[in-house]
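Protein sequence lines, in the order shown, are assigned to chains A and B. Numbered by our numbering, the letters in the first sequence go through residues 1 to 1000 in order. Numbered by our numbering, the letters in the second sequence go through residues 1 to 392 in order.
Just so you know, the hints here were simulated from the structure itself, not pulled from any lab data. One should not assume that every hint holds.
List of simulated lysine-lysine pairs, BS3-like, C-alpha gap at most 27 angstroms [stated by the list, open to error]:
1. A:LYS570 x A:LYS615
2. B:LYS281 x A:LYS407
3. A:LYS347 x A:LYS570
4. B:LYS56 x B:LYS261
5. B:LYS187 x A:LYS847
6. B:LYS56 x B:LYS159
7. B:LYS342 x B:LYS245
8. B:LYS56 x A:LYS845
9. B:LYS281 x B:LYS342
Chain A regions said to be covered by chain B (calculated; three or more residues, Cβ under 8 angstroms) [said to hold, decoys possible]:
10. 253-266
11. 389-398
12. 798-809
Computed from a predicted structure; not experimentally measured. We treat Cβ as the ideally placed atom computed from N, Cα and C, and that holds for glycine.
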Amino acid sequence: MIPLAVHSHHSLMWGTASWMKICRRARHLGYTGLAMADTDSLSGLWQFLEACRCHDLRPIIGATLTDPRTAGHRVVCLAMDENGYTNLCRLLTRRHRQAGFCLPDELAAGGKRLYLLTTDPDLLARLHTAGLKVAAMTERPLTAGHSLRRMAAALEVPLVAAAETFFPEAEDHLLHRLLRAIDCRGCLQRPETRQVASSRAWLAAPDDWERRFAGLPQALAASDMIAEQISFRGPDFGLVMPPWNDRDSRTAHRVLRQAAFAGARRRYGNRLPPAVVQRLQHELEIIAGMKFSSCFLVVRDIVAHSPRTCGRGSAAASLVAYCLGITNVCPLRHNLYFGRFLNPGRKDPPDIDVDFAWDERDRVIAAVLGQYGNRAAMVSSRIVFQPRMAIRETARAFGLPDAEIGKVTGRLPRFRRSYFAESRLPEALREEGQWRGPALGRTWDRILNLAWRLIGTPRHLAVHPGGVVLTPRAVSDYVPVQTAAKGVPMIQWDKDDAEEAGLVKIDLLGNRSLAVIRDTVANLKANGKKFAENRWRPEEDQATAGAIATGRTMGCFYIESPAMRLLLQKAGRGDFEHLVALSSIIRPAANEFVRRYLRRLHGEPWQPVHPLLEKVLAETFGVMVYQEDVARVARALAGFTDAEADALRKIMARKDRRRHLADFRQRFWAGARAGQVAEDVIGRVWEMMLSFSGYSFCKAHSASYARVSFQAAFLKVHHPAEFMAAVITNGGGFYTTAAYVSEARRMGLAVAAPDVNSSVAAWTGRGMTLQAGLATVRGLAAETCGRILAARQERPFSHLEDFLERTNPSESEARALADAGALDSLAPGQDRAVIFWRLARWLQKRKNSSGQLRLFGTAARQPVRVPRLPPDDPLNLYRRQFAVLGFLCDRHPISFFRKRLERFRPIAACRLADYTGRRVNLAGWLVTGKLVRTKGGDPMQFLSFEDETGLFETVFFPKTYARFSHMLDCARPYLLTGRVRQDMKAVCLEVERIARLGRQ
Amino acid sequence: MERAIVHLNVADFAVAVERVVDRRLAGRPVIVAPPAAARAPVYDMSDEAYRAGVRKRMPLARALRLCPEACLRPPRPELYQRAMDDLLRRALDFSPLVEPGPADGHLFVDLTGTSRLLGPPVDAAWKLRRRARNELGLDPIWTLATNKLVAKVASRLVKPAGEYIVAAGDEEAFLAPLPLHLLPGLKAGDLERLARLNLTRAGQVAGLTADQLRVAVGSRADLIAAAAKGLDAEPVLPAGRHTEKVSAGHVFAGDTNCPGKIKAALLEMVQEAGHRLRSGKLAAGGLTLVVAHSDGVRCIRRKRCRPESANDFDLFELACQVLELAWTRRVRVRSLHLVCWKLRPLSVTLPLFAAERRQVLRRRNLVAALDRIRSRFGSRAVCFGRTPAKAS
C-alpha cells in the first residue's frame, strides 16, 4: 500500500506539515513510498525528494489539479516519466495563467504520461475516453452499486484505495482548522464546514487501510500496482544555461572572448599588462569548459540597461566580469580569488548578482522579461509564518481585536525562529526579558502554543525581488509558472530550489545607495557644480579616509550601522583594503576573531596557527576574514580538492548547516591529521571556520561594496547637504528620517521645513541648507504633490488663497501642509492660527460654491473678516510639526525635556569620551537597537541613542536588559545612567538604569 | 418665567451604591467590573482608582495593574437601578419634572415655579441633597442654573464633590474662562478645529460672530455658539413616560466567539423581553439586535416579526435569524442588545388552519406555564437547557 495523494504544507493554507515531517511519519508507519499531491503546485518538489532520500522512501511526483470554475473537480496527477513531468508543469502553468481553464479539456489535451486519479465517475469516463491512464480513487470501500465502482468496472480501470491527506496525525486537525480560519478570515470557533478538510484526512497507517478495505482488497493492491507503473523519480536537468542566439551564428564563447578583451582594453589601455592577459585566458578557459559563456553575455546585456550598477557576490572576483562592465572592482589590484566564483569541480550553478538603483530595477526586470518572453520568469520567495505573523493571525482567528493583538505583538522582542526551536512559544517568550510584564492569561497561552506550531508554514508565494531564471526552452517545461501579484511570471520554486534544479539564476537587485549617489550627483549638477564621475577616485581622498577611520559614516552604504561605525573607530583605518576586510569580518559569531584582528592590526605580534596557513592568511593577520578563506584553509591544511573545499564553504555559510557539517568535520580532521597537523591546531582552525555561521562575505563582494561605500563617504564629506538630501529621499537606510535629520544638524546643516513655493517632492541640498521635500509631509497624496509642482511651474504661488485655488487640496492635506510649516511663506508674519482661519474660510467658500445656486440673488458675499485670534503656542506648533513630519526642523525634540532634566545634571553626548570610566547621567532619544545573545544564551541589547549634540552607543548587559527591556520603545526620550567605557577609541555607555521621559 | 434647573449627580454612581451596601469600601479605591475574566471591561471606578489611571471600559487586567490595591466588585445593574429609582422617588417629591439618566446617578429636576411651595430653588436643592444623603447614603453633587447645559457644566466643574449655583444672567460669564471640552455636545472634531485657531475657552468662542464661527466649525456653529454662551432651551423630560420599545441587554463577562454562549445569552434576553411584553399585554412587530464587538464596532440588524408575537419561541427563532445577519465579523462579541419594536396590543386571535393553530396553542400554553412557574417560584425555577442556571 502506498499513499497516492498526500498533501504537505505546500498545499498552501490546507496542509499542515513539511515533507520532512510527513516522510518521517510515513516511514514510521511502515510505508515504502509516497506520492506528493499538493494542490496545483510543485513548489515542494525538492523538499519532497530530499525528505524521501533521508527516510529511504520511494518518491512519486504529482500534484492535485483543480478546476477554478467548479470547486468539486479535483484530479490527482502523477508523473509517470520525464514527459509526464513536463506535461504536469505545463498543465499547472496553464491552471495558474490561463483564463477559462477547463480541467477536463486541458487534461484530455495535455495529460499524456500522467496517471490520473479521480473520485468523479463522469470525469473518469471523460479522461478514459481521451485515452489517458486513469484510476478511480476512493477513501472507503464502495458498495457494488456505487456509481464510481460501476464506472471503474465498466471502463476496466482500477479502483484504488487512496484519500487526499492534509495532515500527518489525527490531532493536527486543529492546526488545519486554524489555517483554514486564517485563510478564510474566519474564526476558529465558527468554521465554514465547506472550507475545512474532514477530520479523517490524516495519514492513516497501512493497517488502518487494510482494516478499512478488508472487503475490497483489490483496491489496496491497485495502489501498489499504480506505483509500480510509475518509473519517474524526479527531474534531472543538469545545468540549465540561459539561451544564446547570435545573428552571425558565432558561439557564445567566441563572442565572450572578443567582448572580454575589448573591455580589458577599455579598462587597462590598449597595451594589456601580461597579468591581465594571463588571468583573462585562465578565466575564459574555465568559463568555456563549464559552458558558462552565454550567462556572462546575457548579464552584460542586462547591465547595459543602466549606467550605474554594482556587481555583487563572488562574480566580482572575475576579471571577465570586470572587463564586461558587470563589476567595478579590479580583481587583480585587490587580489580577488576567481576560484570562489568558478572552478572546474563546481557542480552547482554560480549566481551572478547585479545591483541597480532601487527605483530602476523594476524597469530593468520588465525589459529582460519582455526580451526573453516565455523563456524568462522570476524566482519566487516562500513567505512563511514568522513568529509575529503567526501570533497575530492566530489571535485574529481567536477573535481578538487588532488593538489588543497590537499591544501584545508590540511587546514581542525581535526574536529569531531558532531561539524557539526547542521550546514552546509562551515559555520561550517568558525567557525574554520583555515578557516579565503582566501575565497574558489562558487565551493567550493557547494562542501562543498554537501559533508556535504555525511558525515556518508557508503562507503564500511572493515574487523574489530580483531573481530571474532564463532557460533555453519555455520555463514551464522545467517548472510550473504562475503569475505574481504584480503581474510578472514567477516559477513555483524559490532560489534554493532553482539552484537544486540546476537553473541559473541572475539576481537583479535594488540598491538604495546607488540611487543616493545618482541623486547626489544630479543635485550637484542642478546646483551648477561640476562633477566628473569618470575621473572620480574616492578611495584616494584623504578626507574621506579620515571620516571612515573615525566612523563618521551615518548614511553611507554598508558602513553606517552602529556596530560597523564602532568597528571603524576601533580599527582607526580608512583605506580601501582595510575597509574591505572590516566589512567582511563583522559577523555575529566572530567577536573574538574581530578583537584578535584589531589587536594585530594595531601592532600585536602574531604567529600563524600553522605554517601551512602563513601565506593563505597573511593578508588578514592570520585571521580568517573572507568566506573563501574557509575553502583555502581546507585545501591547504586538510588537502581538500577545489570542489570539496567549495562545498565546505557553502555549508559553512548556510544557516541550517548543522545537519551537513558532521561529515565535513570528519573529513577535515582526517585530512589535517594525515598532514601531521597537531590536534589543538586543527581544533582552533575548525573553531575559526565555525564563526562563519550563516553570515560571511567573499572578498570580491566586500570589495565591490566597499567601492560604493567610498563613493558615498566621499559625497558625505565634500557635499554634505546634497548627500543627506539624497539619503533621506531614498529612504530605506539603517536609521529613521528623524535620525538623519539630527545627523544633518550635527553636521552643521540648516534644515528648512517643506515649502510649497520652494520644495520639490524630494529633499534637496544647496550649500549648507537641507530643504525638506513635500513628499515628506504625511497625508499629502502623491497626486496633490504633483499638482502643486505643476501649478508652481506656471508661476509661484502669491498668497495662500492663490495656492489653494490652483492646487485644490483636500482639507486634511491642506492642514498637514500648514502643520508642517509648508504654507508659512504664503502668509508672512501671520500666526499659524490665521493661516488655519484663512484655510477654513476657503474651504467654506469651496463647499458653498460647489453645490446648488443660491435662492436669493447671486451677489458675491463679503469675505468674513479674520477675528482676533489668540497668539500661537510654540509648543503646539512643534507638536503638530512632529506629527506630520516625524521630526522637528530646527531643534531636537529632546530639547523640550531639558528643564525637567536639570536636576539630574546629564552630560552632553558629544563629551562622553571625557568621562571614560565614570558613572554619568545622559538624556537620549532611542534611535535604533540590536538584540544579541551572550555565549550562555542570555539576551542583551546594543542600542543607539542621540541627544542634540551627538549619537552615542550603549550596551544593555543581560541583567539590565532583563530589568528594563519592557520599557524600551523607539523614538522616545530616556534618562540613562551608566558607566562610560572606552575600547580602542570607541566609546560606549554601559547602562545601569533607564527611566522614560515624558508621558507614559 | 426664570427657569430653575437642578442637576443632581452622584459621582461614580455604581461605586457610591456599592459603598452604601458595604461601608468598608469607603475611602478605598474600588473598581466595579465582572471578575470572571481578565479582559472584562471596567464598568465604573472610584475617584481614587481614577486618579491611579483606571478608566471606564478599560480591560480589568490593565486596570488592576494600574491600581493593584483596588477592591473589586462585580457590577449589579439591578441594584443600581433600584438606587436610581429611590433617588428618583425623592426627587419627584420636589417636582413632577424629573429627568433621570440610565442608572448612572444623573438627575435633572425642574424647580421652575415651585418657590411658593418649596421655598427658593437653592433651598429645595439643598433639601433634596440632604434627603439623598440621610435616607440613601448617597452624597450627590448638586448644581443650580437656568438650563440643563449650564447646570451640567457646573457639575463637571465641581466633580467629584460640592455644589454650584449659576445665577440667572451669569451663564456666559460663568462659562467664559472654562475650557471648551467641559461643554456638552462638542465633538472631538469641533475641539480640534477650534484648537487650530487657538480657541480653547468658551469665552473666546462666544466672542466670535455667527459668520466667523460658521467659518471655523461649519454647520455646527449655532449649536456651539449656544453652548459657549450657555443658552439651552431643552426641557426637562419627565420620567416614566410610556415606552415605545422593550429591550434587554447582555454583557459577556469575557468577550466571546462561542456560538453556544452567544445563543444562550440571546435566549435569556428573548425570555426577559418576552416576559416584559406579556406582562404589558404587548406583542413585538419587529426585533433589532445590536452586536457590539471587542474593538468597539457595533453591527445592528433588524427584522419584522409577522405576525406580531410575544411568544419566546417565535421571538427566539426570529432573533436567531437577526443574529445570523448581525454576527458576521470574526472579532469577539462583547455585548448583545435586543430591542422589540412596533409594539401592539397582544392579539388572542388564532391562525385559521388547524396544524398551525395547534402549534401556536402548544407554544402559547407552554410559555404560559413557564410564566406561572416563574411567578410562583422565581425566575430561575425553570429554564431552557441552552441557558445555564445562574447562581442566585
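Cross-check of the supplied hints:
1. A:LYS570 x A:LYS615: Cα-Cα ~26 angstroms, so holds.
2. B:LYS281 x A:LYS407: With Cα atoms ~50 angstroms apart, B:LYS281 and A:LYS407 exceed 27 angstroms; violated.
3. A:LYS347 x A:LYS570: violated, 41 angstroms
4. B:LYS56 x B:LYS261: Measuring from Cα to Cα gives roughly 25 angstroms; hence the hint holds.
5. B:LYS187 x A:LYS847: Distance ~21 angstroms between B:LYS187 and A:LYS847 Cα, so the pair holds.
6. B:LYS56 x B:LYS159: holds, 16 angstroms
7. B:LYS342 x B:LYS245: holds, 7 angstroms
8. B:LYS56 x A:LYS845: violated, 41 angstroms
9. B:LYS281 x B:LYS342: holds, 13 angstroms
10. 253-266: Contact hint for the region 253-266 of chain A vs chain B: violated, 0 residues under 8 angstroms.
11. 389-398: This one holds; 3 residues, not fewer than the three required, reach chain B with a Cβ under 8 angstroms.
12. 798-809: With 0 residues in contact (Cβ-Cβ under 8 angstroms with chain B), the coverage given for the region 798-809 of chain A is violated.
In this structure, the hints that do not hold are numbers 2, 3, 8, 10 and 12, in rising order.
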